[in-house]
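A.B. asks: Chain by chain, the residues run as shown.
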Amino acid sequence: MKAIFQKTITVVIFTLLISTSLTAGDWKQFRGDATNSVTGSENLPIELSGSTIAWKAELPGRGLSGPIVVGTDVLVSSSSGYFQDRLHMLCFDTRSGEQKWHRQFKAIGRTMTHEKMANATPTMASDGRRVVAFFSSNDLICTDMRGRLLWFRGLGSEFPNASNSLGMSSSPVIAGSTLVVQVESDAEAFACGVDLATGETRWQLERPRAANWTSPSVITGKTEETSLVLLQSSKGLTAVRPLDGSIVWNFDGGAATIPSATVANGTIFVPSNGITALQVNGDAVEKLWNAANLAPATASPVVYNGQCLVLNSSGVLSAGDVLDGNRIWQLRLRGPFSSSPVVSGGHLYAFNESGTAFVVQLEPDRGTIISELDLGEKVLCSPGVGDGGLFVRSDQHLIRFSRP
Amino acid sequence: MMNKRFDRGRPQVFAALLLSFFITAPVSARDFRDAVDEAVRILATAKAGGQGSKENQQAVITLATAGDKSLMPLLMGFEDATPEGENWLRNTFEQIADQVRKKEKQLPATELEDFILNTNHSSQARRLAYESLLQQDPGLQKRLIPAMLMDASQEFRRDAVSMLLEKADAAAADEAVSLYRRALSGAVHEDQVSRIAERLRAAGEVVDISQHFGFVTTWNVVGPFDNREEKGFAQVFAPEEELQNSAEFKAEYAGMNGPVKWQVLQSEDDYGIVDIAGQLENYKGSLMYLTSSWDSPVQQSLQIRLGTPNAWKLWVNGKLVFQREEYHRSTRMDQYVVPVELSAGPNQLVVKLCQNEQTQDWAQKYQFQLRVSDSAGAGVLPGQAVAQNVYAEEDAR
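Chains A and B supply the protein sequences, listed in that same order.
Numbered according to our numbering, the first sequence spans residues 1 to 404.
Numbered according to our numbering, the second sequence spans residues 1001 to 1397.
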């Protein structure tokens, strides 16, 4: 009884701590500002239907990159052309769906991807003043919030072997004044920190030479100097300081190469032999638990309300206890899912590949599907949330859901 | 100190000059042109590695201040621009074109159309001009595209082929064959060529796709050599040593399974696939050397386009031009594009092709396809200086 009480108290504290770290507003990079797919107090619709589609804007070409939201801007990238070598950055008004600007660039690096992927697979990132688009071809482009070019890096020509013929998908993250990109393939692999203001490389790390589609995660510290960026690969997880790339610690227990680690209140949930929870203690890390039956497929895990939520390869959503990894409940959705779900206001929003959206009400002992909507378009991107809207893109459209 | 500051702030000075030109016109038109040209030069020479981005941003301000008078100089700047520079020029052009449209003004149609039609200009710049002008002149497509079947830009060629295919699909049988033949002459993309070939073959016509694309189909091959644990990729075997030292190959070597000799391997595939696994054997954990000679009538800059799911190295006339150690991550035609300088006379092409020991069904291919093309992707055959086409002269007439 005492043990149950202690556990309950701990879950409550954990939940409160997570809740206090959440703020409504922007969604400035892959899986949101905190790279954890959770947003605080957005008042999203819990029933998705035609009446909650606020607008639908046409997009050029193809893309798997997710939308990001900065104030009243929602931004997304695409690639077009026979060789997918035309790169697009687009900005729309979050409220009206009107296109604010559209800039195009020519890829310098190799653009070949598997037919399911597209050159525009990585999600953009922004610090609120600048926006960075990254592509499978390793073209890295930074503009201001009006689409005026600030710098351009052709990492595909600077490192011509750092490419994957199936396509690259790692989304860059911003930690303070540094943009961190992971460019890892069988033939060449590195991660680098780029000065967001100038586009010049601050540091570069050699990485395990193996195909890797994961994206970095960020643990935001009190200062830029104390923040950590987590680089995942088949070898495990490496924490680096974003300013200089110095390695703080390594977890060498192996990890997945598609779903990425997520962080909640200092605990890291790594897709590693299922899910492995790691606790950061100062400049070290220790393993808390491993749950082999929480096995994420492509979607990255999401942690919410004391539960680690995972979508497996059969389209089953599983909730594990953040304290010990024990599975609490399961719910069969219809997969497969390429995108990572998002959680807002006690509800999980997941889009499967064929374009069916699910809203799952999250409760301590169960998850319940409370709404389903077939969009009739393939959805492979992870949605973004901001300015009261849920944004998702297909190849053809960018769509906003919000309460009528 | 003042001089240093002045140097660093040169683009700002240009912007100030331009501003004063508009306000009081105290500077000459020549100063104005010089300022625009210098800003274009700065962008066109944009460096790799993100260096000089602040200076580039100032140059953009200079050009934006000059407004639509910068548009044509920006397009001209593509001529010798770096790949990064092309993107700086493009972005600045788009910004200014947007400004012009917002003011409900027109882009300079005559100048842009002349620029598009001048094939001496950069393909990218011409396409940018075309797409920009198309927004205010939707009739441009029908007016310009049909004559662009043999254009240096693969995008213009694709559009021209598409228009011909529409006509051909709707035409009577005899006329359709002629239109498909004509479309084929300009087609450089696999999907269009395969569609045309299918239609022509259905009509009883003979189509040599391999020759159309310029695939190299006859190779001398020797192997297998040892690539177990993928160690052979970096190892220099006897043919490779001879390639680097004497360029003359012996008749026989010690291979991984015993003595090996050169033998001729001919591809009969439409897309030039040389299939080691199918035509010889899928030697797991092995590598092969393949060589072919390509005669060029003149010294010329061309492209070698290669596709393979295997690790590979490519030498041209004894010089290693690219290498890639990736296994079974998919393959397609034109997967790799390698710019090469070919000499007049015979050019020696050598490929080192490596197979690993993966056991999955999808990891059993042991093959490559290699072709020689111009920059638009049109196939170039031995003995040709550029892609030749009977319709080119007709179009010119």
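Hints were generated in silico from the structure; no laboratory data involved.
A hint or two may mislead.
[Said to hold, decoys possible] Selected chain B positions facing chain A (in silico; Cβ < 7 Å): (1) D1080; (2) E1084; (3) T1110; (4) D1114.
[Said to hold, decoys possible] Using 27 Å as the maximum straight-line C-alpha spacing, the simulated DSS-like pairs for lysine-lysine come out as follows: (5) K1069/B to K56/A; (6) K1231/B to K106/A; (7) K1047/B to K106/A; (8) K116/A to K378/A; (9) K1319/B to K1231/B; (10) K1250/B to K1167/B; (11) K100/A to K1250/B; (12) K106/A to K1054/B; (13) K100/A to K1284/B; (14) K1102/B to K100/A; (15) K1102/B to K1047/B; (16) K1261/B to K106/A; (17) K287/A to K235/A; (18) K1105/B to K100/A; (19) K1103/B to K100/A; (20) K378/A to K287/A; (21) K1103/B to K1069/B; (22) K1047/B to K235/A; (23) K116/A to K1069/B; (24) K1284/B to K106/A; (25) K100/A to K287/A; (26) K1047/B to K1069/B; (27) K1105/B to K1054/B; (28) K106/A to K116/A; (29) K1231/B to K1167/B; (30) K1105/B to K1047/B.
Computed from a predicted model, the values in this text were never measured in an experiment.
Note that CB positions come from ideal geometry on N, CA and C, so glycine has one too.
A.B. asks: Hint by hint, say whether it matches the structure.
C.D. replies: Checked hints:
1. D1080: This hint is violated: D1080/B lies away from chain A, its Cβ roughly 16 Å from the closest one there, beyond 7 Å.
2. E1084: 5 Å, holds
3. T1110: Since the shortest Cβ distance to chain A is 24 Å, the answer is violated.
4. D1114: 23 Å, violated
5. K1069/B to K56/A: 37 Å, violated
6. K1231/B to K106/A: 37 Å, violated
7. K1047/B to K106/A: 16 Å, holds
8. K116/A to K378/A: 10 Å, holds
9. K1319/B to K1231/B: 22 Å, holds
10. K1250/B to K1167/B: With a Cα-Cα distance of about 55 Å, the restraint between K1250/B and K1167/B is violated, given a limit of 27 Å.
11. K100/A to K1250/B: 66 Å, violated
12. K106/A to K1054/B: 21 Å, holds
13. K100/A to K1284/B: Outside the cut-off at roughly 55 Å; violated.
14. K1102/B to K100/A: Cα-Cα ~12 Å, so holds.
15. K1102/B to K1047/B: 32 Å, violated
16. K1261/B to K106/A: With a Cα-Cα distance of about 46 Å, the restraint between K1261/B and K106/A is violated, given a limit of 27 Å.
17. K287/A to K235/A: Given that 27 Å is the threshold and the Cα spacing comes to 15 Å, the pair holds.
18. K1105/B to K100/A: 19 Å, holds
19. K1103/B to K100/A: 15 Å, holds
20. K378/A to K287/A: 38 Å, violated
21. K1103/B to K1069/B: 15 Å, holds
22. K1047/B to K235/A: 35 Å, violated
23. K116/A to K1069/B: Violated: K116/A and K1069/B sit about 43 Å apart, past 27 Å.
24. K1284/B to K106/A: 39 Å, violated
25. K100/A to K287/A: 47 Å, violated
26. K1047/B to K1069/B: 25 Å, holds
27. K1105/B to K1054/B: Given that 27 Å is the threshold and the Cα spacing comes to 30 Å, the pair is violated.
28. K106/A to K116/A: 21 Å, holds
29. K1231/B to K1167/B: 54 Å, violated
30. K1105/B to K1047/B: 34 Å, violated
Of the numbered hints given earlier, the model fails hints 1, 3, 4, 5, 6, 10, 11, 13, 15, 16, 20, 22, 23, 24, 25, 27, 29 and 30; all others are met.
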